[in-house]
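Chains L and R supply the protein sequences, listed in that same order.
Position one of the first sequence corresponds to residue 3 (the numbering used here), numbered consecutively onward.
Position one of the second sequence corresponds to residue 84 (the numbering used here), numbered consecutively onward.
Calculated directly from the structure, the hints in this document are not laboratory data.
What you are looking at is a predicted structure, and each value in this text was computed from that prediction instead of being measured.
A few of these clues could be false.
[Unchecked claim] 30 Å max Cα-Cα, derived DSBU-like pairs, lysine-lysine:
1. L:K10 / R:K547
2. L:K218 / R:K551
3. L:K294 / R:K379
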Amino acid sequence: MVKFDRVKPRKHMLFVPADRPSLYRDSVFYKPDTIMFDLEDAVAYSEKDAARMLLIEILNDIDYNASGIETCVRINGLDTEFFEKDIEACIKAKANMIRLPKAETVDDVNQLVALMEKYEKENNLDYKLKIFIAFESALGILNAFEVAKASDRIVGIALGGMDYLLDLKGSRLPNREELLYARQHLVHVGRALKLDVFDVVYGNTSDDQGFINEFKFIKSLGFDGKSVIHPNQIRLINEVYKPTQEQLEYALEMKEAFEESVKLGKGVFLFKGNMVDKPVVEKQLEIIELAKEFDMEGAL
Amino acid sequence: MEKPILTKEYLEKNFKNTGTNLVPYQPKEVRTSTFSSNLKELPNKGIVRDKVVDLETAIKNSGLQNGMTISFHHHFRNGDKTVKVVMEVIKKLGIKDLTVASSSFTDAHNFLGQYIKDGYVKALQSSGCRDELGEFISAGNCETPLIIRSHGGRARAIESGDLKIDVAFMAASASDCMGNANGMMGKSRCGSLGYAMVDAQYAKTTIILTDNLVEYPNSVISIPQNHVDYVVEVDEIGDSKGIMSGAIRLTTNPKEEIIAENITKVIVNSSLFKNDFSIQMGSGGASLSAVKYLKKHMIEKGVVASYALGGITSHQVSMYKEGLVKRILDTQCFDLAAVESIYENNDHIEISASMYANPHNKSPFVNNLDFVILSALEVDINFNVNVMTGSDGVIRGASGGHSDTAEAAKISIVCLPLIRGRMSCVVDKVNTIITPGNTVDVIVTDFGIAVNPLRKDLLDEFSKAGVKLKSLQEMRDFAEGIVGKAKPIEWDYNRPVAIVEARDGSVLDIIYKRKG
Numbered sequence: 003m004v005k006f007d008r009v010k011p012r013k014h015m016l017f018v019p020a021d022r023p024s025l026y027r028d029s030v031f032y033k034p035d036t037i038m039f040d041l042e043d044a045v046a047y048s049e050k051d052a053a054r055m056l057l058i059e060i061l062n063d064i065d066y067n068a069s070g071i072e073t074c075v076r077i078n079g080l081d082t083e084f085f086e087k088d089i090e091a092c093i094k095a096k097a098n099m100i101r102l103p104k105a106e107t108v109d110d111v112n113q114l115v116a117l118m119e120k121y122e123k124e125n126n127l128d129y130k131l132k133i134f135i136a137f138e139s140a141l142g143i144l145n146a147f148e149v150a151k152a153s154d155r156i157v158g159i160a161l162g163g164m165d166y167l168l169d170l171k172g173s174r175l176p177n178r179e180e181l182l183y184a185r186q187h188l189v190h191v192g193r194a195l196k197l198d199v200f201d202v203v204y205g206n207t208s209d210d211q212g213f214i215n216e217f218k219f220i221k222s223l224g225f226d227g228k229s230v231i232h233p234n235q236i237r238l239i240n241e242v243y244k245p246t247q248e249q250l251e252y253a254l255e256m257k258e259a260f261e262e263s264v265k266l267g268k269g270v271f272l273f274k275g276n277m278v279d280k281p282v283v284e285k286q287l288e289i290i291e292l293a294k295e296f297d298m299e300g301a302l
Numbered sequence: 084m085e086k087p088i089l090t091k092e093y094l095e096k097n098f099k100n101t102g103t104n105l106v107p108y109q110p111k112e113v114r115t116s117t118f119s120s121n122l123k124e125l126p127n128k129g130i131v132r133d134k135v136v137d138l139e140t141a142i143k144n145s146g147l148q149n150g151m152t153i154s155f156h157h158h159f160r161n162g163d164k165t166v167k168v169v170m171e172v173i174k175k176l177g178i179k180d181l182t183v184a185s186s187s188f189t190d191a192h193n194f195l196g197q198y199i200k201d202g203y204v205k206a207l208q209s210s211g212c213r214d215e216l217g218e219f220i221s222a223g224n225c226e227t228p229l230i231i232r233s234h235g236g237r238a239r240a241i242e243s244g245d246l247k248i249d250v251a252f253m254a255a256s257a258s259d260c261m262g263n264a265n266g267m268m269g270k271s272r273c274g275s276l277g278y279a280m281v282d283a284q285y286a287k288t289t290i291i292l293t294d295n296l297v298e299y300p301n302s303v304i305s306i307p308q309n310h311v312d313y314v315v316e317v318d319e320i321g322d323s324k325g326i327m328s329g330a331i332r333l334t335t336n337p338k339e340e341i342i343a344e345n346i347t348k349v350i351v352n353s354s355l356f357k358n359d360f361s362i363q364m365g366s367g368g369a370s371l372s373a374v375k376y377l378k379k380h381m382i383e384k385g386v387v388a389s390y391a392l393g394g395i396t397s398h399q400v401s402m403y404k405e406g407l408v409k410r411i412l413d414t415q416c417f418d419l420a421a422v423e424s425i426y427e428n429n430d431h432i433e434i435s436a437s438m439y440a441n442p443h444n445k446s447p448f449v450n451n452l453d454f455v456i457l458s459a460l461e462v463d464i465n466f467n468v469n470v471m472t473g474s475d476g477v478i479r480g481a482s483g484g485h486s487d488t489a490e491a492a493k494i495s496i497v498c499l500p501l502i503r504g505r506m507s508c509v510v511d512k513v514n515t516i517i518t519p520g521n522t523v524d525v526i527v528t529d530f531g532i533a534v535n536p537l538r539k540d541l542l543d544e545f546s547k548a549g550v551k552l553k554s555l556q557e558m559r560d561f562a563e564g565i566v567g568k569a570k571p572i573e574w575d576y577n578r579p580v581a582i583v584e585a586r587d588g589s590v591l592d593i594i595y596k597r598k599g
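All chains should be built: construct the whole structure from the sequences, respecting the hints.
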């Protein structure tokens, strides 16, 4: 049984082409929250079979979950001949999650779930794979709310930038302004359904500052994380996520004050001159958890 | 057959033809050697003479004969064009059975295999050996084992007389007619002549080869005329671009970035990270990447280093230019930015290999080092380090300043990826010990940091600072969980191909021919 309990928030999902054995091996060192083995665009038509076999072989061999890493597989779209075989491979590989590309309708999800159930049963799997949905078209974005609540397996949604832009007949703008509507829409869908929301990849892997600027921007919009195509981008995301020592100290003080107030049976309490209630405390507890993830002194 | 244990009896029985006194390595003892000069006869008696001659005349006048020892320096690395020119004349003169004791061998010296086959060369002594020549030696094609010495160990051997150089051939990018020479000026610059300085001083005969004869007296003197017998003008001594080849590169390899961050964690959480600390950075990708993280911390905390030591790259030069390092002490320039800098900046100081790391002089610079960052091919769970033989057992590396700085620096940090190819780099036993585990303080990989249990002070310091540590056993087990356990190499223990000396001259390990 694959029992994987998330102990940290999803912040980065690392794309790994599923036909590259050395990257399966290396990706564990980069400590992404989720590795997304890609059977879709990264794998040539002639290599799809080999990539599936490799996926099954290596995922049964390397225990990513033991290193706190969630495994996800991006399958080929519904409109391809590879769709069903990919799903079967995900089940045999005992992945944690499937990423469905180019989702547009509820029926897409239903088809996916039906096949997942079929192969989970055939392979006597005693857990259910989760689903991450990628929207990459105008229709998908407009239907996102209905599609994203079509199955309780769905834990997150993502924007696929390239196909979406082509579908819009738009052009890429310097600060990706053309994505603003889709980004804000998906954040609303995600928040409404309590799902994780992930942003598009940032293609220029040598532009660290550009990546950080974009990540800070999408984080302000409400995104949880970003799909990444280079391991160094994981470090950049962590830099933004990592609390400062001052933030941690503030959170620890509030936690202490909160615990004191609980002992006294108070619902709200005064902290540094401000009245504080439970949601504010919860935000600070999240900071302490994040600080633990980054091994920050005082949080451990 | 088990690998033989290095006892005095074993060495005496099996290595009679090396021409040097072999003593096994003892971690708690220091091998002493007696200083001696090889300059038994003063060649000149103060008379001014014309030193500029052609190469053939210089070699004839040096008295070079069958069975003698000649030396070279390797500052041009892959761009070297001097060794070949000299060896061709030696071949023409029919001088055979020579020992070639270069400070290192690079890809440019692959042709020496043929000279060994033809009998012109009978033995090699060096810090490093790579590529086709490494394979040639590893295959047991040279009757006399290669002697591998660290840079400091080589200087020690020359000064003590363990390595007696009959004729030193030293390439210089600028020399005057009397042999006042440097590597900083002219078309074929290589920067520091740190290794050459020792050879020139102690060889019986020193011949400078230059492609740039300058007006007397030369304005920068790395090798002085009082150490030089002859000056030979040649077309080209080497290609400056060749010095940047091999291990020296800066990368954004994600594994190396993680290693670099871990290296920085070790340094900045040490109490030695304060104003006027000193550091040597290796030439590997991870240690170079560590520079950018280290700079950030130095700027944030207002810390300035007193000196950067060793092989120098543009990264140390940039730290110097930014005021983060007060001085650079340079035995070898690893890129053209360093070559420019050593000529232009007074605080970028050329030092000899003996000043750098000879363990038996009155105090080498390594002894004042706070931190050294070193690369490795593999390490074992006892902290022993191999930088010489690959996973296939073939000689393809260099001892360099590895064991010198590991022993002398207050904190020696050895970095490497946990997995390379399909092999774990943390193993039960390294194939070849180049740097003994008792001198290595910290191992850094992309999977974590391990501190040598011998360094209880560091364990305490890092634990108080909240630096998470792992054991080497944990690292090995994790890597083997992914790539499995490698099948051990089968060696032919009846056919030694190289002797590894510790920096004090004792024998640390033997490299054997592979079976099959």
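Structure-based check of all given hints:
Among the hinted pairs, K10 of chain L with K547 of chain R is consistent with the structure: their alpha-carbon atoms are about 25 Å apart, no more than 30 Å. A threshold of 30 Å between alpha carbons decides the hint, and for K218 of chain L with K551 of chain R the separation of about 28 Å falls inside it, so the pair holds. Restraint check for K294 of chain L and K379 of chain R: the C-alpha separation of about 23 Å stays at or below 30 Å, so the hint holds.
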